[in-house]
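Engineer: Chain B: place on chain A using the hints.
Chains as they are written, first to last, in the numbering used here: chain A, 1 to 324; chain B, 1 to 339.
The reader is advised that the hints may include incorrect statements.
To be verified - To be clear about the criterion: a stretch of chain A counts as covered by chain B if any three or more of its residues have a C-beta under 8 Å from a C-beta of chain B, and this derived list gives those stretches:
hint, region
1, 112-118
2, 279-293
Stated by the list, open to error - Residues of chain A clear of chain B, computed beta-carbon distances all greater than 12 Å:
hint, residue
3, SER16
4, GLU29
5, SER59
6, LEU84
7, GLN132
8, ALA193
9, ASN195
10, GLY232
11, GLY242
12, ASP258
13, ARG270
14, GLU298
15, ARG305
16, GLY317
Everything labelled a hint here was simulated from the structure, so no lab data went into it.
Being a predicted model, the structure only gives us computed values, none of them experimental.
By construction, the Cβ of each residue, glycine as well, lies at the ideal position given by its N, Cα and C atoms.
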Amino acid sequence: MSTIEISIIVVCHDMSRQMRNTLFTLSPEYQRAGNEIPYEVIIVENASDNNLPADLIESLPANFKYFRREETSVSPVAAINFGLEQATGPWLGLMVDGAHMLSPGVLHFASKTRCMSEYSLVTVPVYHLGPQEQHESAADGYDEGRESELLDSIDWRHNGYALFDIASWCGANPRGFLAPIIESNCFFAPASAFNDIGGADSRFQLPGGGAINLHMLRKLGTLPGLEYFCLGGEGTFHQYHGGVTSNVSRSQLQAKFDAQLQEFWRGGYRHLERNPVIVGSFAPETIDRLRYSSQCMERRFANCRKQGWQVWPDDAGLTQDNQS
Amino acid sequence: MDTPVPDSGSSPQLSILVIGYQMAEQLANTIKSLSHDYQIGVHATDYEVVVIENRSEDMLSQKLVESLPTNIRYYQRDNDSSSPVAALAEGLELCRGHQLGVIIDGAQLVTPGVIRFAKMAFKYADDPLIAVPGYHLGHKMQHEVEDAGELLTAQREFLESINWTESDNGYRLFNWACFSPANRNGFLHPLMESNVFFCLKQSFIDIDGANARFQLPGGGAINLHILRKLGMSATRPLILLAGEGTFHQYHGGVTTANPAEYEARVNTFNEQLQEIWDMNFKALRREPVILGQFPEPVHAHLQASCTTAQRRFQRLREGNTPLWEDDFNLSLAAKGVVK
Chain A
1 MSTIEISIIV
11 VCHDMSRQMR
21 NTLFTLSPEY
31 QRAGNEIPYE
41 VIIVENASDN
51 NLPADLIESL
61 PANFKYFRRE
71 ETSVSPVAAI
81 NFGLEQATGP
91 WLGLMVDGAH
101 MLSPGVLHFA
111 SKTRCMSEYS
121 LVTVPVYHLG
131 PQEQHESAAD
141 GYDEGRESEL
151 LDSIDWRHNG
161 YALFDIASWC
171 GANPRGFLAP
181 IIESNCFFAP
191 ASAFNDIGGA
201 DSRFQLPGGG
211 AINLHMLRKL
221 GTLPGLEYFC
231 LGGEGTFHQY
241 HGGVTSNVSR
251 SQLQAKFDAQ
261 LQEFWRGGYR
271 HLERNPVIVG
281 SFAPETIDRL
291 RYSSQCMERR
301 FANCRKQGWQ
311 VWPDDAGLTQ
321 DNQS
Chain B
1 MDTPVPDSGS
11 SPQLSILVIG
21 YQMAEQLANT
31 IKSLSHDYQI
41 GVHATDYEVV
51 VIENRSEDML
61 SQKLVESLPT
71 NIRYYQRDND
81 SSSPVAALAE
91 GLELCRGHQL
101 GVIIDGAQLV
111 TPGVIRFAKM
121 AFKYADDPLI
131 AVPGYHLGHK
141 MQHEVEDAGE
151 LLTAQREFLE
161 SINWTESDNG
171 YRLFNWACFS
181 PANRNGFLHP
191 LMESNVFFCL
201 KQSFIDIDGA
211 NARFQLPGGG
221 AINLHILRKL
231 GMSATRPLIL
241 LAGEGTFHQY
251 HGGVTTANPA
261 EYEARVNTFN
271 EQLQEIWDMN
281 FKALRREPVI
291 LGQFPEPVHA
301 HLQASCTTAQ
311 RRFQRLREGN
321 TPLWEDDFNL
331 SLAAKGVVK
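One chain only, chain A, in its complex shape (with noise of 0.2 Å):
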């Protein structure tokens, strides 16, 4: 293999179920034209007493990495800097939370796209897996034992575009992805851009690290010059673990979580707002959802239009970058 050109960073804690799906849907294997695209996998994993077991860690592919680490926050941001350190490839890919499942495109399809602008944010769309939002669907009897039954139904190690079948809008991106997305569990940009930001600020300090997704997301995309695309074809699969968002208590962490963010952002945090460059083949399971983020995405342009505003305005350069 020759020098790394992606590394891609998987945040997880305390979901040993998860991960192990998680990372098959980083291997090679399963990836398209995974063993061309030069690539590393750094697994930090901080302590519980569900850690990854030991088969798990000795069959990881030869570009995987895997560290365990002790931490005392309930928040990952220590642990994404340190993923970011650990990373060798001039372009990186950040997976905060471990749960989510890949489509096998990604890789190819963030690689494609680095070699059109290497100065870019790549974001990959949201999905839960079960029939709705995971926090909604947790009411109706869905847990992991459900969980494990759908993924069984469908031969996803071989067709991994099957996910979409089994999968809900997460409410990360509820009007689909032609409209401005609120965070993306899997995005990748220049090593360099993610140390201009500074990493995960580490005052994130709330469970799961809060909002931490949303403010890199936005920090990121509103670096001067950074171009910015979207693999529409591709998703990213949250599989349920009671983790921080996905359950009970959720309303009052939400609000937590909003709070702080809109501290970080003087004016108030808004997600970003810029016309994404769609990359990407579009299997038949991705055609519904192709469809229904048009209808949302002309629904926006005929509500801008009413209200006068900008459909873009991160793109318009309107907004000044408010962050305090």
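Structural biologist: Quick look at chain B alone, frame taken from chain A:
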């Protein structure tokens, strides 16, 4: 060939070759749509346009030719055939870039992001095939319109009404357009042709893109032939600029004029095409990589494309047929399996 140029002197990476004949009004619009003050995110030094006009009684005016930007070079020539193939071959010699864009029918207006995204796509792979979906201006395919005069008038009025030459307004072309006959099922179906495509100049030469056998009026089906020839290489990914478009302006041309003769004419073209392809010519069944942004007016076409694509996928899955048959066969061939 006469050369009342201007010539910028420098050698750009990308050359776009445009052939025109007896369509001064439409060709002038097409050239305008390729100019750097209309195209978004590119500079004049990023590319050149080589315009070859076969002489007729309806030529670009001298005044217009003299006003062309320095990166647009204009040539006129006599043509002893009703086919543009000779002009294509001669024009190719004049293209200085190693990247090539081709518009065989100079009546094709383009949207403002075509060059920006084509340039981006040239970085996606060493040897890409870049296609732009084709539309006809008007709500009906132009060969179905019976009153040519009415269509010409409506076309002029529409173009004037949207002030299309002003930057982003070019996307309003989608508002009065329908898919072209060759891609009537939308752009997520296999492509039959692209009226503006890009590839390496060397790739175009290697496939004998200016194949002199295509001597039927307008070159017959040469455009379809070229797309498939270029597309049938496993190492040449197909990249589709789905948020962009080319818009055929009615001009009384070979396949869009005289509806009564349309079918017979297209049949003649197809016969030649099938003869050249040993009765095995098909639309290019390769999965496209979608690249680009989706401005508001394109969404209706995107949603229509989704609907037809879904129907096709369902039909093929029920028949246990590969979704992208040419990809499948090229992959077998790469493994040494002969079908």
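Engineer: All hints, please: hold or fail.
Structural biologist: A quick look at each hint next to the structure:
no., hint, verdict
1, 112-118, "holds (count 4)"
2, 279-293, "holds (count 9)"
3, SER16, "holds (36 Å)"
4, GLU29, "holds (18 Å)"
5, SER59, "holds (28 Å)"
6, LEU84, "holds (27 Å)"
7, GLN132, "holds (23 Å)"
8, ALA193, "holds (19 Å)"
9, ASN195, "holds (24 Å)"
10, GLY232, "violated (7 Å)"
11, GLY242, "holds (36 Å)"
12, ASP258, "holds (30 Å)"
13, ARG270, "holds (20 Å)"
14, GLU298, "violated (4 Å)"
15, ARG305, "violated (8 Å)"
16, GLY317, "holds (15 Å)"
In the structure shown, a violation is registered for the earlier hints numbered 10, 14, 15, in ascending order.
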